[in-house]
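Undergrad: Given the coordinates of chain A, work out where chains B, C and D with the ligands should sit on it, guided by the hints.
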Amino acid sequence: MLIQAVNVTKVYKNGLTALNDINLCIDSGEFVFLTGQSGAGKSTLIRLMFREDQPTSGKILIAGRSISRLSERETVALRRNSGVVFQDFRLLEKNSVFDNVAITLKATEVPKEQIKLRVPEVLEQVGLVGREKEPVINLSGGERQRVAVARAIANKPMILYADEPTGDLDPQTSMELMKLFVEINNQQTTVIMATHDREIVNHFNKRVVTLASGRIVSDRRGGFRL
Amino acid sequence: MLIQAVNVTKVYKNGLTALNDINLCIDSGEFVFLTGQSGAGKSTLIRLMFREDQPTSGKILIAGRSISRLSERETVALRRNSGVVFQDFRLLEKNSVFDNVAITLKATEVPKEQIKLRVPEVLEQVGLVGREKEPVINLSGGERQRVAVARAIANKPMILYADEPTGDLDPQTSMELMKLFVEINNQQTTVIMATHDREIVNHFNKRVVTLASGRIVSDRRGGFRL
Amino acid sequence: MNRHGFSYVVPQAFSSLRINGWMTFAAIATIAISLFLCLLFWLMVINIDANAEQLESNVEIIGYIADEIPQEQYNAIQSKIAALSGVSSLTYISREEGLQRIAPRFGTVEQLLDSMGGVNPLPNSFSVKAQSPEAVSGIAGQMAALEGISEVRYGESEVEKLFAFTSALRFAGIVIMALLAVAAVFLVAMTTRISVYARKQEIMVMKWVGATNWFIRCPFLLEGIVLGLVGSLLAVGAAFFVYYKASAYVACSLSFIVMLPASALWLTVSLIAVGVGVLMGAIGSIVSLARFLNV
Amino acid sequence: MNRHGFSYVVPQAFSSLRINGWMTFAAIATIAISLFLCLLFWLMVINIDANAEQLESNVEIIGYIADEIPQEQYNAIQSKIAALSGVSSLTYISREEGLQRIAPRFGTVEQLLDSMGGVNPLPNSFSVKAQSPEAVSGIAGQMAALEGISEVRYGESEVEKLFAFTSALRFAGIVIMALLAVAAVFLVAMTTRISVYARKQEIMVMKWVGATNWFIRCPFLLEGIVLGLVGSLLAVGAAFFVYYKASAYVACSLSFIVMLPASALWLTVSLIAVGVGVLMGAIGSIVSLARFLNV
Ligand SMILES: Nc1ncnc2c1ncn2[C@@H]1O[C@H](COP(=O)(O)OP(=O)(O)OP(=O)(O)O)[C@@H](O)[C@H]1O
Ligand SMILES: Nc1ncnc2c1ncn2[C@@H]1O[C@H](COP(=O)(O)OP(=O)(O)OP(=O)(O)O)[C@@H](O)[C@H]1O
Ligand SMILES: [Mg+2]
Ligand SMILES: [Mg+2]
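Residue numbers (our numbering), protein chains in the order written: chain A, 95 to 320; chain B, 95 to 320; chain C, 15 to 309; chain D, 15 to 309.
Bound conformation, chain A alone (with noise of 0.2 Å):
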């Protein structure tokens, strides 16, 4: 059981329950759909996992140790061993592309050379090549979207959280990231994917769970639903 999530609920500030006691265990190596309307919570669900954010109440135990009380060291263990791709990208606009996808590596204070080798690399699965040197703010919706992909896959995290990562993808560079994520998760990475594209989640026979309002309403392989 590599994640657990038991009793989790979260309150805003503002008084809105977005998740309202979720129990959900995921195994090592599981490749999870999050599915569900606007704002039924699942953004909020992978903030917690990835401890941007902490729960109400409840708890969420990764590799079988809470997380809701980690020193700094651990914390910092946690996020190298996680990949995130944000909603709405977070890159730093200013920089290049390499730049964008070498923080993750810089961060964990990899060799240059390592870095030099291992960026292009990741461009390339996710179809950038030649893009390095641009600045982030001259590409196109999708390409940044694909930069936020890479900069998430760069360290091949142990566990990859990917928050609508096909939002701004045509059908066809979806289907070849959805490849690419395949293809990491069969490495052994475990993936949970938010997603609202039909299409994927039907074409995947993978695991998918349903968010509502902030409840669990459906946990099932298969198809689509809402």
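Please keep in mind that the hints were generated in silico from the structure rather than gathered at the bench.
One or more of the hints may lead you astray.
[Stated by the list, open to error] With a straight-line Cα cutoff of 25 Å, these simulated BS3-like cross-link-like pairs (lysine-lysine) come out:
1. 214(D) / 214(C)
2. 227(B) / 107(A)
3. 250(B) / 210(B)
4. 227(B) / 210(B)
5. 107(A) / 259(D)
TA: Relative to chain A, chains B, C and D with the ligands alone:
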């Protein structure tokens, strides 16, 4: 003929040809889908029509008038008659939903009382009733996208440009938004919408302009082509 | 811009100042400090000029009349001295008056005369004051050349010291004033630029939704003006408070220094300072905005 | 942090300074100006202290010996004066020496004596110097009470004037120094905060991808230190350049003012100024960062 692009070419400073000799006519009251792979030039075309940027060669006429050399007054008039949903939203994250929508009306110096009536009206149309006071930073991805739509339609523009307005929305909410666009279109607003959503394009039997590498490769009524 | 426009523009300027909280405070404080010190030095320079002029032209040039010259020729000499250029006043001082003037250094006149065996050693003399301190040494030279004047004395070394001291002080004052003015300009420029950058996104959105340039500019302009106004008002207030206190102190403890009355200065100085402050704020914000408005 | 970490951290600090271009320049300039002036006033205060002590204790207290006292009793009087507390030096001045000292005001000694019918009106006297300026009036009072001393004189009004003037100058100098120091602290705080805010997004991204707090902090710390270091070095350099020039000028034109040699001051003053500058930069950046690191 409301919008006319004549031999429009856009070469960015980095040497990339985003649009290559585009010719396009859009009649008043039309509903046009712009499709094409990531990086095909959809957003660039919208930016040129909205005069956020200038073509490298060729010209764009709106209502028969070239928009390449406009006085400040004319630019303001053009923008007041256009509404834009940006692909990356461009909302003021710290400001409330109300303020983000109201800015369109404030900028056109509409009296406060009218703003107080109009803003809840459009928020209702996009399904964000009761979230007026929430700062945008507290909203989910899909909710933000709908605020961006509300801002664009608040002053009932003659032309509505929507760049990937359903990328962060679930199929159901997307469909509701599309119905709103069609309704607006029925009230004589010309709608130009860039989208990757195959389902949407297939569902509405509208004109579809497909771009590939900066060229128009198809321009026909009907379903999705790549 | 219509009246609705204004109703959006004005509150925005103030909300921006409020939201930035202690940054606004720090900005106003540093601007006020630099302007305040700048004003103090300006007032100092004005007063140095006034004092130097007064002190320096107060220097007395004494021309001793040769003993052999008969009293009848005194008038002729006097009119020759009076005709010298730069002379502002001329007084005849008899030997008795001369003795009275120096006597206090030694006791009473009687004691002094007594101790000298009843003989007054001083000659008759003319005391001359110059119109300007620069004229002093010229007058002294010309007087010495006149027939009937045996010797000319004036506080050469004191005049030079005073001249050197006040001009050094004046120079230092002006340099410090200039440095502080430069700092104030930088500060206003930095503050307005930060404010513009912090709201870059908002400016762009306003352009896109069809706001006129003036609609966008107004809140920033107002903010810059408020910044300059508050900063310079604080500076002027503080400077004149200090000046007032200093005048009182100087009047009782350092009475040899003459300070111009605050009432004679404050209007001009405040108007210039506040005007410059407000102008700086306005220009700063307009310049910082310029590159965002050419969209 | 490993050595690879350092190789990312160091260039980043400098690139941030470079990218902000004239803002960095303006920040450094204003910090340098305020520190520079702060230092100048500090040096001024130090020198005022030195001068005041010297000048004030240089005041001469003259005790005239009553004419009827025979020369034999002079020694007894002298030892009584020497025994007074606060006396630093004591010299006997005969009536002839006294005449020589005042003669220059009137011509030569012979002329003066001549004109007084060959009679020297001055009594014999003792000249006393005090250890401290505060002691002067006490000594004068006690001397006047001694038998055999007919009269005591010292430049009462001058001493008071000098005392008032230097203490006013000293007070003003310290206040201005404090204001400028406050301005400098604000400026460093503002600059580091702006720098942190401008890179807020980058800080967040670094946290999310697993950078340690020190990895994130380092570039900012370095930036703050560089800012403080450059600002204070410029200030120290400029201040001592000016001090050096001023010393030379004062030595030839205002020789009545004594300036402490730069060589005796610069080490302490520079160390303190640079130390404070660097510390301010470091603290400023750490404090500005703190709230972003608790994620
Ligand atoms: N920081 C916050 N403060 C207050 N409310 C929040 C905050 N973040 C999210 N919410 C609210 O919590 C609810 C769930 O948000 P969340 O981002 O998890 O939705 P989502 O499922 O990701 O939706 P979408 O598909 O639109 O991205 C939303 O209604 C949102 O407005
Ligand atoms: N400011 C710019 N400077 C340089 N190149 C740019 C700039 N903006 C866009 N481009 C490039 O021009 C091409 C077209 O961009 P555009 O944003 O129009 O694509 P798009 O069709 O909207 O793609 P997407 O579906 O991914 O949003 C892309 O390859 C992009 O990298
Ligand atoms: Mg979400
Ligand atoms: Mg696009």
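Undergrad: Confirm or reject each hint.
TA: Going through the hints against the structure:
Pair hint residue 214(D) plus residue 214(C) holds up; C-alpha atoms about 15 Å apart against a cutoff of 25 Å. With a CA separation close to 13 Å, the supplied pair residue 227(B) and residue 107(A) stays within the 25 Å bound. Proposed proximity of residue 250(B) and residue 210(B) is supported: the alpha carbons are some 15 Å apart, at most 25 Å. The straight-line distance between the Cα atoms of residue 227(B) and residue 210(B) is roughly 13 Å, inside the 25 Å bound, and the hint therefore holds.
Restraint check: the Cα-Cα separation between residue 107(A) and residue 259(D) comes to about 63 Å, which exceeds 25 Å; the hinted pair is violated.
Violated hints amount to a single one, hint 5; each of the other numbered hints is respected by the structure.
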